[in-house]
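> Input sequences plus hints: build the corresponding full structure.
Protein chains in written order, with the working numbering: chain B, 1 to 405; chain H, 1 to 405; chain A, 1 to 405; chain L, 1 to 405.
I should point out that these hints are in silico values taken from the structure, not numbers from a laboratory. A portion of the hints provided could be inaccurate.
Identical copies look the same in the list; a pair holds intra-copy or inter-copy alike.
Think about it this way: if two alpha-carbon atoms lie no more than 25 Å apart in a straight line, the pair counts; the simulated SDA-like pairs of lysine to any residue are [as the list claims (entries may be wrong)]:
| hint | residue 1 | residue 2 |
| --- | --- | --- |
| 1 | K396 | M319 |
| 2 | K67 | D307 |
| 3 | K208 | A49 |
| 4 | K396 | E258 |
Residues per chain are reported as follows:
Protein chains: 4
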Amino acid sequence: MKEKVLLLYSGGLDTSVMIKWLQEQQNFDVLALTLDVGQEKNDLQRIAAKAKKLGAVKTITEDVKDKFSEEFVAQGILNDGLYLDKYPLSTSLARPLMSMEAVKFAEQNDCNIIAHGSTGKGNDQVRFEVSIKALNEDLTVIAPVREMNMNRDEEVEYAKLKNIEVPNGGKYSVDENLWGRSVEGSNIEFINEGVPEDAYKWVLPIEKSVDKPVVLSVTYSGGLPVELNEKQMPLKDLIAELNYVAGQSGIGAIDMIEDRVVGIKSHEFYECPAAITIITGHKYLESLVLSKRESQLKKFMDQQFADMVYSGLWFDPLMDHIKVFQQSINAAVNGMVKLKLYKGNIIPVGVESTNSLYDMSVSTYGKNQTFDQSKAPGFIYVFGSQTIATRKVRKKHLEEMIIKE
Amino acid sequence: MKEKVLLLYSGGLDTSVMIKWLQEQQNFDVLALTLDVGQEKNDLQRIAAKAKKLGAVKTITEDVKDKFSEEFVAQGILNDGLYLDKYPLSTSLARPLMSMEAVKFAEQNDCNIIAHGSTGKGNDQVRFEVSIKALNEDLTVIAPVREMNMNRDEEVEYAKLKNIEVPNGGKYSVDENLWGRSVEGSNIEFINEGVPEDAYKWVLPIEKSVDKPVVLSVTYSGGLPVELNEKQMPLKDLIAELNYVAGQSGIGAIDMIEDRVVGIKSHEFYECPAAITIITGHKYLESLVLSKRESQLKKFMDQQFADMVYSGLWFDPLMDHIKVFQQSINAAVNGMVKLKLYKGNIIPVGVESTNSLYDMSVSTYGKNQTFDQSKAPGFIYVFGSQTIATRKVRKKHLEEMIIKE
Amino acid sequence: MKEKVLLLYSGGLDTSVMIKWLQEQQNFDVLALTLDVGQEKNDLQRIAAKAKKLGAVKTITEDVKDKFSEEFVAQGILNDGLYLDKYPLSTSLARPLMSMEAVKFAEQNDCNIIAHGSTGKGNDQVRFEVSIKALNEDLTVIAPVREMNMNRDEEVEYAKLKNIEVPNGGKYSVDENLWGRSVEGSNIEFINEGVPEDAYKWVLPIEKSVDKPVVLSVTYSGGLPVELNEKQMPLKDLIAELNYVAGQSGIGAIDMIEDRVVGIKSHEFYECPAAITIITGHKYLESLVLSKRESQLKKFMDQQFADMVYSGLWFDPLMDHIKVFQQSINAAVNGMVKLKLYKGNIIPVGVESTNSLYDMSVSTYGKNQTFDQSKAPGFIYVFGSQTIATRKVRKKHLEEMIIKE
Amino acid sequence: MKEKVLLLYSGGLDTSVMIKWLQEQQNFDVLALTLDVGQEKNDLQRIAAKAKKLGAVKTITEDVKDKFSEEFVAQGILNDGLYLDKYPLSTSLARPLMSMEAVKFAEQNDCNIIAHGSTGKGNDQVRFEVSIKALNEDLTVIAPVREMNMNRDEEVEYAKLKNIEVPNGGKYSVDENLWGRSVEGSNIEFINEGVPEDAYKWVLPIEKSVDKPVVLSVTYSGGLPVELNEKQMPLKDLIAELNYVAGQSGIGAIDMIEDRVVGIKSHEFYECPAAITIITGHKYLESLVLSKRESQLKKFMDQQFADMVYSGLWFDPLMDHIKVFQQSINAAVNGMVKLKLYKGNIIPVGVESTNSLYDMSVSTYGKNQTFDQSKAPGFIYVFGSQTIATRKVRKKHLEEMIIKE
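This is the structure in C-alpha cells:
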C-alpha cells in the first residue's frame, strides 16, 4: 500500500506538475485539496476534475471564504495589518487558514504528509511549514518545488512531457484571495523601471481609471466594517464590492521592495483595493476615537501583528494575546467614514462616531471655546522643565571642560 | 525708561494687534523681528515698515531660508519626519529656528522679554516657550493672544479701533514656510465634511490637477536630496521647485485629525507637496539600501523624532543623540529614485543605488538564481521551533486542566 | 449652610492641619475619610476619633485591603510592575483606589469637593487629581498643602497653634500600604551618602539581617501567587507574611534616583520585601513558561503599565486593553518557584510548571539529545544572510568612494 | 599538498580532539590559533606546545586583552549590555573578536577554512559563523563537534584512543574571559534544584563570602570606568581587580533560564563580578545625569544591543549606528559612584557628577525650595485631559449601548 500525501492543489502549473511528480517520482498516492479563498479562478469542480485526470486518488474542495474573511481578514483589519506600512498581508493571512484545512483533511484521511507548492526562497514555505507543524507536529511537510529544484523552463518542459496543460501568458507568479492579489517575477524583478501595465488586473492604472469621484461610506462596529453605503453586508461581500469599486478608481496598487523572512530583498507588486480602502477608513476613524496613548500602543501592536503574520507565526500563542488586546481597543472603533475615491486617492470627506474624542468647543479658535487657556503656562513650565534643565547642565559642563583644557 | 520686548512679527493681524497692545496696554517698547522662512508673503521690507508704522521702536529682518533648510528641514528628511505618519512637521520645524533667532536678537538688544503670536491651546506656544527657555532660561516669554484672551471677532474690533488693516478673506489661520503650509480654523473645524476647496493654495485639488504624468528623479546623498532631474541644486531651491511641480500634480494635501501636545484633538489641513515627495522617495530608497533590522530601528527612531519635534523638544539634548544615529544610518542612503507624479499619486518608476541590497540573482524565481534553497528547511526548523513547542505545551496544559475539572 | 469637602485623612500631621485649615480658613464642613490599605498605623477608630476631635463633621472608615490586593496589587504582579525597573509602585497603586473610594463617598454624601494631602511638586497630586476627575469630572479637587504653600516648619508652628499633636521623630515623609513603604525627605535628600539606617523599618539592613538562609516556595496560578510553602492563602495574607519573612532577610530595600511625573529628579527610599520577592519569582517562572517573543512583548507592555501607573493614569481606558493582554499572557504562568532568601539575595533553587518550555532532552549537551543539529547550518545561513550582504555592500561602497577621491 | 584549516584552539578537550580529527579524518593541515581574552588558563606557550604535539603544523598565539576590553567590553558597558536583563554578554562579546582574529590569521596564512569548537545547538556557532562570513564571505567555516555529532562520552573515548589528555573533573562546560565565566551542563541542566556549589569559582557563595562590607568608588568618564578608588587604571586591570574584590563579596553569580538564538530554552550559570558591579554603578550614575526621555530611549537601544550581540550580530552595520548613539549619550555619563559591596549586594552609598540633574533645591520638601508649585494644577489639567475625556466618552457610549438593548 502506498503512502498518502495531501497536496494543496491550486490547479496551476506548479501544483499540477507536482501531482505527477509525487506519483511517479516519489511513489505516493495524492489527495488534492482545493480551497476557495476568493481567488478569481474558483471553479472548484473544474479544478478537482483536472486533479483527478492527473491521477489524484481523491479530490477535496471547500469554500472557505466565510472563515477566511471572519477569522483571518478581520484580524488584519482590527490590526491595521500592513507589512512595512504597505502590504495588507493578503497572501500571508490565507496561508494559516489553508494550513489548518490541510491538517484537518490530512488527519481525516490518514495522510502523514502534506505537500505545498511553495519554493525554497520565499515566505510561503515558512508560513505553511510552521503553521502545519504548530497544529500537528507529527505531520511531515514537503515542498516539491524546493526539493525538485526546477526553474520555470525545466518545469514547463516536464509539464509538456507529462501532457500537463501550460497556461498561456502566465509570465507572472500570482496568488489571489479576496483580500488581495500578489504578483511577482518576470519584469517586476527589474527595479530600475516601474511595474509594467500587464501586471495590473484588479486595479486600473491611474491613467485609465474612472474619471469621476466616487463617494462612499463605510460603517465600522467594533473595528470591523459592517455596512457599505449604510447597507449592511457580510464582510466577504463588502470586500468583494470594494475590490471592484476602488479598483476601478485606481486604488490599491502597491509597489514595494520588501524584506522576506528568509533575508532576501524582493520587488513585489500587490493589488488590494478593498484592503487599502478599509484600512485607510479604519485608521481615520481611529484618529477620531482613540486617545494618543491608545494610538501609540496600538500602532506598536499593529507592527508586531504584521511582522508575525508575514513571518508565518499566525499560530504562535503570542497571537492570542495580541488578539484580545486588539479586540478590547477596537471596541471603541465605531462610526462611519465617508471617503471620496478618485484616481488612486482616498480622501476623507466626513467622519462621525458616538465615541468621538473630537470636541469642537475645545479645539476651536473661534468663539465659545471651553479649553482653559490659563492652564497652558503651568503645563509648559512642567513639561519643558527637564529639557531646559538638562540643556543648562550639559552646557555648563561643556564650558567647564573647555576651561580646563 | 521702558522695558523692551522682542516680538516675533509676521505682519498678520494677530501680531499687528500685539504691537499696539504691548505698547499701549503693557507700556513696553516693541522690537519687531520678522524672518523669511519661505512663506509666500515674504516682502520683509514692507512688513518691517508696517511694524514701524504701528509704533515698533526697532525692526529686524532676516532671511533664514538657508539655515532652515540645511539645519532643520534636512533633519526632517533624514528622519522621515511625519507626525502620526502624516504631517511633515513643517511649522514644527520652523519654530525652534525662530526661537533661536529671537533669543539671539533679544540678547543683542538687551530685551528680557520675547513675545510670540500663539494662542493658549495650540502647539506653538509649547514650541516657542520650551525652545526659548532652553536657550536662555533667564528670558521671559509672553503670548499676548493667550493673555489677552480675545477671540477672532474681538480682535478684529480692536484692530479697527486702532486703525490696523484687517486682511480680506483670511478665514483660515495659516502658517507657511518652505516645508509646508498649515491651515486651520473656520470650516476645517467641521469633521463631518471634507476640507473645502478654498483652503487649498499650494496643491491643486485632484480634479483640477495637471492631467499629464510628470516623471522626475531625485538623487539622494547621505540621505539628503542633492539633485532634481540630475541637476544639482541647494536644498531650498530643490524644495521650492518640487513644491510647485508636485503641487500642480495634486500631491501633498493632508487631511488629518491630530493629537495636539496639550491633549486636544484637532482637525488640520496641510499642503506639503515637496515634503511628501521627498520623504516618499527617501523611504523607497531606504527600502532598497537598509537591512530589515536597520529599517525597523530607524522607524522607531523616526517616530521619536517626529513626536519630539512636534512637541517642541528640538533643543532637548536627546535630539543630539538621535541626530548622530540618523546621520550614521543615512550615510548608506545614496542613489536615485525616479517618481511619476500624477493626480495625487507618487509612483516609483525606478531606483538605483551603489548601496543596493537588492540582488536579483538571489531573489529571482528564474534561472541562474544563487540562493541555496537547500538551507531553507534548516532555517524553518529552528525559526519555528519555539512557536511549535509553545503551542504544544499550552494545548497539553489546557487538556489537563479540562480533565481535572 | 456650609459647602462640604471630603478629605482623605490619614491621621498624620499634614491632613490633621488640613482639617483645621479647611474649616477655619476656607469655611468648609469637613468629612474625613480614612482607609486601611495595609499601613502599620491602621487603628481606624482612633484616627476617626482624632478627626472628630479636630472638628470633622463626619468620619468614614473602611478596610480596603481585599480590594487593594485583588484589584490593584494583583495587576502590579501580572505586569511585573517596576518603575524604572526598580520601584514596585506601592504608593502609585494605592492612589487610584483611594480616589475611587473618595469619589464614592463624596457622591454618597453630596460633597462637591475632595481634598487630599499631597504637595505641589510630587506625583501624588497628579494621581489623585487625574483619577478623581476621570471618575467624576464635576468634582473639584483641592490640595491644601499646595495651596497653603507652607513648608514643614511653618506647618509644625501652625499645628502647635491649633493644638494639633505633632508626632515625634517623624523626620521622614512616609507612605505605607501592604505593597510597600515609601520614605522621602530629610537625609535621604542627600545623594552623596547612602540611605541612613533610621530610614529602614520593614527591612533589616544586611548587617543585621537574619544569618540563616530561608528557603520558601511560591506557587503561582494565572500569574498570581496563590500559595506560600504550598499553603493556600489570600493574596493580602501572603503578602503580609512575605513582608515579614523577606524583610528579616534584608530583602526589598530600594535606593533610587527617580524621575517624577512633574519632571523633577528625586532620591527615594522604598521598602518592599514582599513585592520584590513575588515579582522576582514571577519573572523567573515567566522565563520558564513564556516564549522569547512573548517575553519581549510582555516586557514592553510591563513598561507601559509601570509608566502609566506611576504617572497616575490608572483610569485611562488604555489600561483596560493592557489588562486583557496581561491576563491572557499570564494564563500560562503557572507553577512553583523555590527561592532561597538570604542577606538581601533572592536565589532561585528550583522551578516547575506544567507549562514549562524547558526541555532538557533538547537543550542538553549530554546523551539522548533530540535537537536536530544538522538543521543549524541552514538556520545560520539564512539568519546571517542580510548582515553579511549589508556589510559587503557597504564596504564596497566605501572603497569606491575612496577610489573616487 | 593538503588543504589548510585554521582552528580556534583553546587547549581543552574538544578542540584537542579536533586537531586529530581534522588531520586524520579530514586530511587537513591544522594551524592552531590561541587567544588570551582573560581566561584563567592563559599560558599560551603551554597550549601552543600541546597543539604542536597533537600535530598542528603551525601555532599562533596572541594576547588580545587590550583589544577585548577597549573595543568590545567597553561597548558592553556603554550599552548596559545585559541579555534578558541579566547576562552581561561575556562570551557573546568575545566571539566576534575571536572571529576577527581568526579571519586575519587565516588570510595571512592562506587558509580558506576556519574551524571552531562549538556544538550545533548553542549560540556560539551562530556568533562565529555570522561574524567570520561578515568579515570574509569567501571563507568556509566548519564546526567539527557539530559535524562529528559525538556526545561527551564518545569524545572521551576518542581522546583516549588518540592519547589526548582528558582533564579531570571537568564536569561542566566552561568558557571564560575577563568579562565573565559561563558554566553549562551537568547538574546545572536540572531546573528543579539550585546551581550546585561546585559550579562556583569566581564568586564565593553568599554563605562563604567575606563578612565585612567593602566600600569602593568607581569613576566614569564618557560612560567608561576610568578609576577604581580614585586610582586611574586601564580597563582590563580595573575589571580584573573588581572580579576579585566583588567575587569575594559574593557578587556576580547569575542563574537564569535563557532563550538561545536557536529557539532552545537552557539553564545557565554565569559568574561576572566585575561586569555586574560596573554596570550597576553605570546605571545608577545614569539615573542622575540622564533625563527621563534619554533614559527611556537609551534603554530601548540597550536592549537592541544586547539582543544583537547575544545573537552574533556584532558585525551587522546596524551596530555602527547604535555605537554612535551610545557614544553621544554616554558623553554625559561622568562622575563617581560609591558602592558598598556586601554579601551579594551592591548598595549605592554616594554619587556625584558635574552633569547631575538632581537639584535638591527643586526636589526638597524642606525650606528654600525653588519649584513653582502654582504651576502644577495647570500641568495636571492638560496632562490628564485626554484620559478624562476618553473615559467620559467611552462611559457614555456604553450607557447608550445598554439603553438601546
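> What hints, given by number in increasing order, does this structure fail?
3
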